[in-house]
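Since the structure of chain R is provided, determine the placement of chain X on it from the hints.
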Amino acid sequence: MNQIVIIPILLPLASAVAMLLFSRSVTIQRIISLSSSCLLLAAAGWLLAAVISGGMLSLQAGGWAAPFGITLAADLLSAVMVAASALIGFATVIYSFAVIDPERERFFYHPLLQLLLMGINGAFLTGDVFNLYVWFEVMLISSFVLLVLGGTPVQLEGAIKYVTINLLSSSVFLAAAGILYGIAGTLNMADLARIAPRIEQKELLSVVSVLFMITFGVKAAVFPLFFWLPASYHTPPVPVSAIFAGLLTKVGVYALIRFFTTVFPHESIFINDVLLVASALTMLTGVLGAVAQYDVRKLLSFHIVSQIGYMIFGLALHSPLALAGALFYIVHNIIAKTNLFYISGIVERISGTWDLKRAGGVYARYPFISMLFLVPALGLAGIPPLSGFWAKFVIIRAGFEAGEYAVTGIALFVSLLTLFSMMKIWNEAFWKERPHQQEYEGINRYVSMGIAGKAMLLSPVVMLGLLTILFGIFFEPVFRIAESASLQLLDPLLYSTAVLGRKE
Amino acid sequence: MYSIILATASKYLLLLLQMFSVFLLFRGHNEPGGGFVGGLVAAAAYALYFIANGIGKAEKLLAVDPLHLISAGLLLAVSSTLPAFAAGRSFMTAIWFDTGISLFGKVGTPLVFDTGVYFLVLGIALKIIFSLAEEDRP
Chain R
1361 MNQIVIIPIL
1371 LPLASAVAML
1381 LFSRSVTIQR
1391 IISLSSSCLL
1401 LAAAGWLLAA
1411 VISGGMLSLQ
1421 AGGWAAPFGI
1431 TLAADLLSAV
1441 MVAASALIGF
1451 ATVIYSFAVI
1461 DPERERFFYH
1471 PLLQLLLMGI
1481 NGAFLTGDVF
1491 NLYVWFEVML
1501 ISSFVLLVLG
1511 GTPVQLEGAI
1521 KYVTINLLSS
1531 SVFLAAAGIL
1541 YGIAGTLNMA
1551 DLARIAPRIE
1561 QKELLSVVSV
1571 LFMITFGVKA
1581 AVFPLFFWLP
1591 ASYHTPPVPV
1601 SAIFAGLLTK
1611 VGVYALIRFF
1621 TTVFPHESIF
1631 INDVLLVASA
1641 LTMLTGVLGA
1651 VAQYDVRKLL
1661 SFHIVSQIGY
1671 MIFGLALHSP
1681 LALAGALFYI
1691 VHNIIAKTNL
1701 FYISGIVERI
1711 SGTWDLKRAG
1721 GVYARYPFIS
1731 MLFLVPALGL
1741 AGIPPLSGFW
1751 AKFVIIRAGF
1761 EAGEYAVTGI
1771 ALFVSLLTLF
1781 SMMKIWNEAF
1791 WKERPHQQEY
1801 EGINRYVSMG
1811 IAGKAMLLSP
1821 VVMLGLLTIL
1831 FGIFFEPVFR
1841 IAESASLQLL
1851 DPLLYSTAVL
1861 GRKE
Chain X
-5 MYSIILATAS
5 KYLLLLLQMF
15 SVFLLFRGHN
25 EPGGGFVGGL
35 VAAAAYALYF
45 IANGIGKAEK
55 LLAVDPLHLI
65 SAGLLLAVSS
75 TLPAFAAGRS
85 FMTAIWFDTG
95 ISLFGKVGTP
105 LVFDTGVYFL
115 VLGIALKIIF
125 SLAEEDRP
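Quick note, the sequences are listed as chains R and X, same order. Under this note's numbering, the first residue of the first sequence is numbered 1361, with each subsequent residue one higher. Under this note's numbering, the first residue of the second sequence is numbered -5, with each subsequent residue one higher.
Incorrect hints may have been included.
Unchecked claim - Derived SDA-like pairs (lysine to any residue); straight-line CA-CA distance at most 25 Å:
(1) X:Lys121 / R:Asp1633
(2) X:Lys54 / R:Phe1467
(3) X:Lys121 / R:Tyr1726
What the hints assert, rightly or not - Far from chain R, some chain X residues (derived; all Cβ distances over 12 Å):
(4) Glu25
(5) Thr93
(6) Pro104
Source of the hints: derived by calculation from the structure; they are not laboratory data. Nothing here was measured: the structure is a model prediction, and the numbers come from that model. Built from N, CA and C at the ideal position, the CB exists for glycine as well.
Chain R extracted, bound-state conformation:
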């Protein structure tokens, strides 16, 4: 049973390798890519079901015992994140078929997407700090190539910022892992959870945890380390932006949650204060940046930053309710955010521009697509009964329960501004008459697509939109999973017992 933990990593790897064998035929690559994503979705669902029914799973690769070997572990948090990444991977593969250009496909777009998914799943499933570093690198290297694939000047400009800051944060990560190994003598997360309270050098431990906070803060785009994100995420093709927006920052958030609940719960009092302030500033600067933007993708990129703030807020509050809220928020945000990027791609196809001032009139011709935009947009803003309402409701309630009135107030205010900027997209791109209508004859690239292309373009959007609605309506069963995940997180002993296989 424990073997299924490896499948979400092995499957994308195997399919990427198989695609390399057929490097000449894009059609075969597409078939492999699609079938592997389907299988990955099934495997992730299976893993999630197994963890919900049977508790935590852990796998020692090669059969070497836990603190020494390569440990993979799936608790509820990991399983949920893997399921979300498989879902977004599946949707992005379908969407890519419709929009990605043949040139990029020929230059290994599909294998790279699978390797990116492998890195993300590996980061979610590993039970070892150094392996986490390795999986981050696998993920980042794939993302570097995806970001520059095509080699347009604007892509390269974005990539320079993205690559530089990520390399910097990786070296901080490596330094922190080295110091941690020096003081604890182990990098196995379960072993660390057991050893950390007994470490004598408290000062060094604090330094290490701050270093980890910085490196994961960069990956998660937390204030003040977020500036690389809006500078780079709008440059690659839409499906790449979408999968980056949905998943990459959330890997950073996942690592923060994992570290400051499972691994270093004792350090968290000081860290939580820092995170609390950072989360408030992240929410605020992100949304203010978004309000000022008129480029749809830049606007949405700033929103990623602002939404990260809510998740970090949930982590900083550190109560069972807040952590469950943060987890629910991550899943809701992965789905809604990716979906918004998909739709922004469709709108660009229709109106031929990313600039909101020059776009317009989409609603008059395409009311269905406009409705598809409203679902994730209102979901993100937090309108009931969509999933975003519950996500925010839980986190804000946890904020009031913890007595953090100032930050909770900011969260509510930011929510209002989110609604405002979503309505800005709606008004400008969908509702208003298009300015200088006659200039745009023949610019609509959506009309000329075949029925299969349109289906591939719209089906991921419909699928994710339905999930946003369903998570809102069937909130309780979904939230119950998030609640038990947060209870697992707050009991580090559970994690170390499941991995090390003994009580102490």
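Below, chain X without anything else, positioned relative to chain R:
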């Protein structure tokens, strides 16, 4: 610049270096060596041949696209993890079986994995070298 001495020597050195690389691959299980070093030595053999005879002849000698070496190597490495699944053991556990022949002794999945690494390193090194040599092409 074509040197007849180097071109003649490279033909013999190619064979010698290739045999040495395979020796390193097999030796790697218990002593210094292994797939990575073996692959590098094999790539160096081809690189020498390319320096002596030019890119066109080196590519003809290799006969396969380096990219296919990369994917074949990866495929071998990935497939070496599968017997552990079939045996119901933990992922990547080494599975050995005794051939009964004293020359071979026990053969196991780590050798398959190492061979995969050998081809992967050979493929990547040659891909890099051949790409850099593109501008050398007449």
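Hint by hint, which ones does the structure fall short of? Of the numbered hints, 1, 3, 6 do not hold.
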